[in-house]
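*Asks:* Protein chains in written order, with our numbering: chain A, 12 to 190; chain B, 13 to 709; chain C, 4 to 412; chain D, 99 to 358.
If you are wondering where the hints come from, they were derived from the structure by calculation, not from laboratory data. A hint or two may mislead.
[Stated by the list, open to error] List time: in silico DSS-like cross-link candidates among lysine-lysine, alpha-carbon distance up to 27 Å:
1) B:Lys156 <-> B:Lys391
2) B:Lys633 <-> A:Lys154
3) A:Lys109 <-> A:Lys134
4) A:Lys112 <-> B:Lys84
5) B:Lys84 <-> A:Lys134
6) B:Lys509 <-> B:Lys536
7) D:Lys236 <-> B:Lys82
8) B:Lys84 <-> D:Lys310
9) D:Lys158 <-> A:Lys134
10) B:Lys633 <-> D:Lys158
[Stated by the list, open to error] Examples of chain B residues toward chain C, derived with CB under 10 Å:
11) Ile44
12) Ser45
13) Asn50
14) Trp534
15) Thr538
Predicted model, so just to flag it, every value in this text is computed and none were measured. Using N, Cα and C, we set each Cβ at its ideal position, and we do this for glycine too.
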Amino acid sequence: MSSKKKGGIMPFLLGIAAALVVGWIIFPKVLYVQETQPVRFSHKLHMEQIGECNLCHSNREERAYATRMPSTKDCALCHYTALTGSSEEKELVREYIKKDKQVPWKASQKQPDNVYFSHLAHKDLECRQCHFDMENRDNLPPKYVNRLTGYTKTTMKMHECERCHARENTSNACYVCHK
Amino acid sequence: MALDRRGFLKFVAGGVIGTGLTPLPWKLTDDISIWTQNWPWIPHIPDGEINSAPALAKLGQPEYGILVSKVKGSPILARGNPNHPLSQGGIDPLAASSVQLLHSPARIRQPMRKKNGAFQAISWEQAIQEIAPKLSGLKGQKNKVACVSGDETSSTNEILAGLLQGLGSEKFFFHPGETTLYHHIWQKIMGGRGHLGFDLPGADLVLSLGPDLLESWGNAVSQQYLFGQGTFRLLYAGPVQNNTAAMASRWIPVHSDALGHLALALAYHILKKRSPPRQNLSGFRQLHRYVRHNYTPLEAQKKTGLEEATIQSLAGELLQARRPLVLPGSLSGSCDVSGFDLYCGFCLNLLLDRLNTAGGMQCIPEPPKVVPGAPSWSKMLSGDLLAELRRIAQGSTEAPELMLFYESNPVYSLPDSKLTRKALEKIPYKVSFSQFMDETAATCDLLLPQHHFLERLDDAFTPFSSAAANYSVGLPVLEPVHSTRSTPDLLLDLSGKLELDLGAESYETLLKEKAGLLDADWGKLTSGGMWRNNTVVSQDRLELWNDRISRMLGQDRERPDKYQVHMVPQTDRRTGSPRTAIPPFGLKTLREEELEQNTFFIRLNRQTARKNGVREGSLVKIVSPEGTCRAKVNLDEGVMTDAVVVPLGFGHTYWDQFSRGKGDNALQLFGIRCESGSGMCHCSTPRVRISKIEAAR
Amino acid sequence: MLDEPLLPEGVQRCSPARFLVWITLLVAVVIWGAVAAFLIFGWGLGVTGLNNYFGFGLWITFDLAVIALGAGAFFSGFLKYILGIDELKNIINLAVIVGFLCYSGAMMLLVLDIGQPLRAWFGYWHANVHSMLTEVIFCITCYLIVLTIEFIPIILENRQIHKISLFRNLAHNFHIVMPLFAAVGTFLSFFHQGSLGGMYGVLFGRPFALREGFFIWPWTFFLFILSAIASGPVFTMLISRLMESFTRRSLVPYSTKELLGKISGFLLCIYLFFKFLDTWAWATGVLPRSGFSFEEMFNQVYGQWLLWLELGLCGVVPAIMLVVPTLRSRPGLLYAASFLTCAGVVVNRFVFTVQTLAIPVMPFDQWYTYIPNWTEWATSAMVVSYSAIVVSLAHRYLPLFPKERQLNA
Amino acid sequence: MSESMQIHEHFQIKWGMVIDVDKCTGCGACQVACQAENNIPPSQQSFDRLRSVHWLYVYKLENGRPYPESDIAYLPRPCMQCGNPSCASVCPVIATTKDEEGGIVSQIYPRCIGCRYCMAACPYHSRVFNWFDPVWPKGMEKTLTPYVSVRPRGVVEKCTFCHHRFQLAKRRARAEGRDPHHLKEDEYIPACAEACPTGAIAFGDLHNPEHKVHQLSRSEHAFRILERLGTEPQVYYLSRRPWVRRQGDNYVQKDQQRGE
């Protein structure tokens with residue numbers, strides 16, 4: 012057959028290869044926008060100093076729906092004036108603490124509008140079970156936002172919640188989480 | 013290797029198969045479905061701490077404390093305040109829309125001046141430069157400046173009236189309503205003192221002669237609460253099975269012009285069975301004689317249209333009850349009640365010995381005055397706007413040069429709108445403080461928009477129908493959304509420019525002073541609490557009989573025979589108040605038999621429909637001596653034969669898309685009647701003609 | 004003729020110009036429907052005449068009707084390949100195409116009908132096994148795939164394509180396995196026809212549609228299957244008759260048509276026997292138990308005339324006409340009876356869809372009437388038009404009817 | 099009714115509502131509170147049951163007698179949260195279920211594909227479809243609550259008994275170290291019940307003898323709508339008026355006169 016002479020199976024394999032490159036490498040890059048955090052922050056360092064998550068990420072606002080990001084007030088508890096002399100810290104003090112302006116932290120695990128989440132209901136779990144290795148990170152991970160959905164790359168998918176709820180023998184009823 | 017057609021096809025085939033092995037198609041399919049939850053053109057919900065702040069609902073009667081829920085300081089909804097005694101956690105549909113009204117498209121966003129018939133936005137400095145010289149030019153000239161206020165409880169009235177007084181004018185008027193009419197009859201005709209209140213919480217039997225007390229009369233929210241608690245037995249007399257009648261243990265169908273007669277017919281039986289009241293009442297003997305003579309069972313039957321047995325059993329119930337209370341008043345909770353009806357109702361209470369006693373009619377002291385230059389509250393309440401407008405229109409009184417409108421929309425909400433317009437046209441310069449572009453604001457020359465009530469500090473002293481003197485203060489719960497200003501503060505500023513001393517730096521100091529005079533705790537007031545005092549004013553010169561009363565009793569109503577059907581106005585808080593149009597959420601609660609597209613419905617029973625040649629759903633014209641409305645027919649057997657219910661609150665021509673052009677304004681069917689004897693002008697409920705509009709037209 | 008080489012051998016076809024005019028007309032209708040579809044996708048289903056009372060309307064009626072009428076495909080296949088009635092080879096190709104069009108057309112309308120078409124795949128991924136609709140979704144999709152597979156060898160019969168040995172071999176192999184697909188199709192089709200009926204029968208909040216059942220299946224499950232196989236064959240036959248009158252050529256021998264009529268007639272009798280039984284049981288059982296009388300199920304618009312139309316004029320009358328050989332042998336009567344049979348099924352699907360929803364169940368509720376608007380008509384017309392285009396192309400370029408040459412000799 | 103049509107699930111808690119029809123004045127506060135709480139967009143038209151998005155509708159009932167024997171009543175109709183919902187089993191994509199403790203029938207907007215089969219199944223017309231995308235006048239979107247997500251066009255929605263308030267009540271209980279599944283009376287009530295000025299709407303756990311709804315639902319004046327269909331609503335109504343009770347269901351002539 013003439014086709015065998017003209018490359019045989021090669022174009023087919025080439026097609027597969029090209030698709031794999033597009034699908035595995037280019038597509039994820041195109042799909043997400045990377046946003047960097049406004050201020051450099053080391054969880055590792057702070058954990059060494061403070062030793063617990065709850066001081067800054069306290070859920071004392073239990074009537075609130077939001078997972079709590081530290082407010083400038085929380086930072087000011089220690090950083091009312093610069094402690095280390097690093098330029099990042101100076102910027103924090105100058106731009107946010109002195110001006111009493113909230114740092115626009117970029118939450119990368121914010122729940123979508125249709126999900127209700129209570130940290131209080133999960134307080135028996137270790138933070139790292141969901142927030143992975145945050146406590147050992149020396150910098151804040153950049154936020155990857157999906158161009159199509161607006162969700163972040165690290166937003167938990169429903170099946171992840173369900174898996175844990177099933178394991179823990181907790182209800183997986185829709186209205187436990189949805190709103 | 014040249015890529016021929018076959019080669020290309022193979023490449024594509026490989027590409028398709030290869031793509032299936034990557035996350036691309038699967039992730040994309042999933043993401044597209046997630047995208048459908050987050051369409052960028054659909055608003056997102058807020059996220060953050062939720063808390064609530066107490067506020068005071070000031071949308072017109074009733075006024076009471078509410079709670080406003082906020083997310084990150086931004087109000088999201090209004091709820092009832094269980095701790096405020098005037099609401100006990102309840103809320104009405106209008107107040108429940110308060111937060112949405114903040115963002116109504118009808119809000120006036122900044123001061124405006126009318127130029128060549130169109131409004132142009134101006135700054136506050138320009139606005140003050142415009143108004144200040146005008147006022148100072150009129151200073152010292154008698155009655156050149158007039159003012160209409162639609163808020164009967166706010167201390168702003170003292171500032172307004174005080175300013176007028178300082179300028180040399182006594183033309184301060186309250187928007188006519190139950191407060192002014194009750195005041196007129198009680199103080200001017202019967203020689204009473206203080207304001208009338210009604211101790212519904214203390215009563216065990218309530219006979220309502222007209223008032224729709226579970227919907228539009230007095231503080232409906234509080235009354236609904238009491239009704240729910242079952243503290244009193246409710247009897248309703250009136251021409252329509254309104255919400256109150258439907259809930260009442262008994263509905264006694266009586267035409268609206270016979271309600272006063274019913275009161276006296278009942279008085280006949282009470283006078284027969286009961287000893288005279290303890291209260292010293294001058295003219296008791298004359299009244300006694302009049303009633304015994306004119307309200308014999310036969311006469312009563314003729315005058316009320318009720319069976320003798322009905323009247324007798326009703327009187328029996330009143331006599332048997334330990335703490336009965338009779339409520340006379342308007343069917344729509346506004347000014348459609350005659351002095352005669354009010355007088356008869358008051359008399360019945362007096363004959364039952366229900367004055368200043370638990371569950372009875374209470375005489376509440378006047379609020380303390382904090383603006384020294386202002387007239388007394390009694391004086392302020394005694395202005396008769398309807399009479400004044402009539403005189404201006406007829407030319408018997410000179411029109412003022414300038415008129416201020418505060419929380420009042422007379423162009424829309426007064427009867428005989430032709431007359432109102434005619435009178436207002438004679439006033440060369442008009443200023444509105446309205447928050448919303450209402451019908452009156454649209455006719456004004458200068459708009460000085462006031463804060464929405466959730467954005468401002470304001471107070472309420474003893475809203476109409478309260479059982480005892482009370483005082484509430486509402487703090488602003490958010491920063492103003494638009495470039496508006498608090499009217500009382502603006503007026504205090506202006507008075508400074510006019511070199512008038514109103515005795516206060518700011519509205520806040522004024523209210524604090526008032527609280528001080530009342531011995532009320534400011535902290536408690538501003539955190540959603542209420543001050544209350546049960547002191548009543550004793551009466552020493554009450555008159556049941558005098559010249560004016562005898563003239564009032566003697567007169568007969570004119571009855572044009574061209575018109576056959578009694579018109580019954582009805583108010584529903586879902587369609588707003590005299591000050592506020594249909595709120596955004598209210599519109600959607602109007603059923604299909606209340607508003608269809610842009611046509612509203614009137615209600616009448618089958619027999620009336622047959623007599624007038626109309627059917628369910630017919631498009632009809634309602635013609636009264638004053639005007640015409642277009643409506644559809646809703647058959648309702650809860651309406652008396654020969655009566656038609658016309659709902660109020662429709663037919664706005666300004667406001668926003670939620671109220672503009674929805675139905676017709678039934679107030680244009682009503683006339684102004686000035687009663688001989690009492691001398692009081694009120695909204696008359698004339699008879700009307702109903703005729704089918706031919707489909708061909 | 005320009006496209007002479009593409010036409011089947013030895014048959015007459017109209018001129019390409021004429022054919023082009025015809026196709027253009029059909030495409031114009033498709034464009035009209037596409038405009039409506041664009042509005043629906045762009046703004047939402049609010050642009051249609053559907054509403055909160057009539058969530059199901061013209062589209063669902065159309066879908067149910069064409070799926071019932073498209074049953075000719077699986078049932079003819081079943082009769083030919085499984086029961087070995089060879090006479091049906093004269094029409095089996097057309098039956099497959101009509102079936103394919105009915106199902107693919109229904110799918111198109113379903114995509115329009117659901118509010119969130121981009122989530123359509125949830126039906127497979129997040130399937131609820133308790134829902135009759137899930138069964139429908141799965142079976143219809145699978146059956147559409149089967150129909151596509153059955154359609155492919157017919158396309159491969161085209162004169163030019165057939166010259167290519169690969170495709171020729173492929174076609175041959177397809178023909179060998181066709182009985183298998185016929186069997187699979189029969190199974191799938193039985194189930195989803197039944198499930199479509201079941202969808203209504205399980206609505207225990209709607210006494211008009213509610214039916215008792217056999218095990219988990221309400222009686223409508225079986226009635227829908229019976230009515231579909233009773234009307235499917237004659238619908239295919241009517242399409243062939245329609246093509247004959249358009250092309251002015253004989254395509255299918257009358258004996259085959261008569262056979263289809265006879266099959267339908269007998270099945271219709273069986274269906275009607277059960278349908279009358281069911282209606283009686285419903286009127287004397289379901290209704291009084293729910294507190295309704297038979298009369299309360301009808302109003303001025305959706306009156307009892309619909310019931311008598313469905314069961315009488317479009318039920319008993321055609322059944323007699325099709326069963327009695329002397330009547331069946333007269334073409335006019337055969338076609339009329341076939342038409343009435345099909346109309347009866349459409350009425351049946353309509354009342355189950357629309358009347359079920361029109362009846363006020365709460366005592367203080369009221370009747371409403373549903374009127375489809377132009378967007379629904381346009382998109383439905385688009386599907387009809389698309390089907391006409393495919394049938395026209397197939398007729399022109401594919402040898403659908405083995406007896407065509409012989410009949411027109 | 100065949101087996102397949104029934105879902106038998108038992109919950110420790112059974113949230114229920116008892117609405118005293120004799121106390122409902124039809125004022126509409128519940129409807130407005132519901133709209134504000136649940137982010138239901140305002141409409142530029144009056145209520146249209148064919149198209150309006152609404153969760154709670156107040157029906158006006160009439161006894162059908164001529165004047166002066168006429169009588170009216172108002173009947174607020176939320177979702178009945180049926181014990182045996184006709185809607186949940188028919189959903190092809192599990193967007194609506196009855197699985198939560200308390201027995202509230204859930205409706206998950208991001209899952210719903212908009213087939214409207216549940217609407218066809220529900221005889222109460224409790225379910226509505228988003229025929230268009232929701233629109234708020236400019237600026238009014240600031241009044242959206244954080245409680246309920248905004249629904250796009252093409253999905254079905256319905257009353258949820260303000261289940262987000264249940265979520266919040268559970269969280270409050272957790273914060274105070276109490277068992278979130280043993281809530282006190284009135285710790286969780288929907289927005290309509292809270293707003294009702296006459297207190298016509300009572301809410302609580304029907305299983306719990308300490309909650310007032312437990313007793314109220316057993317009153318001789320209690321009835322449910324369309325009880326005969328077997329939907330087992332968790333919403334009860336009370337009326338001392340026989341004609342009102344009779345409007346709760348359909349009866350053929352030979353049926354016993356209910357409540358008379």
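*Asks:* Run the structure past the numbered hints and jot down the numbers of the failing ones, going up.
*Replies:* 2, 3, 6, 8, 9, 13, 14 and 15
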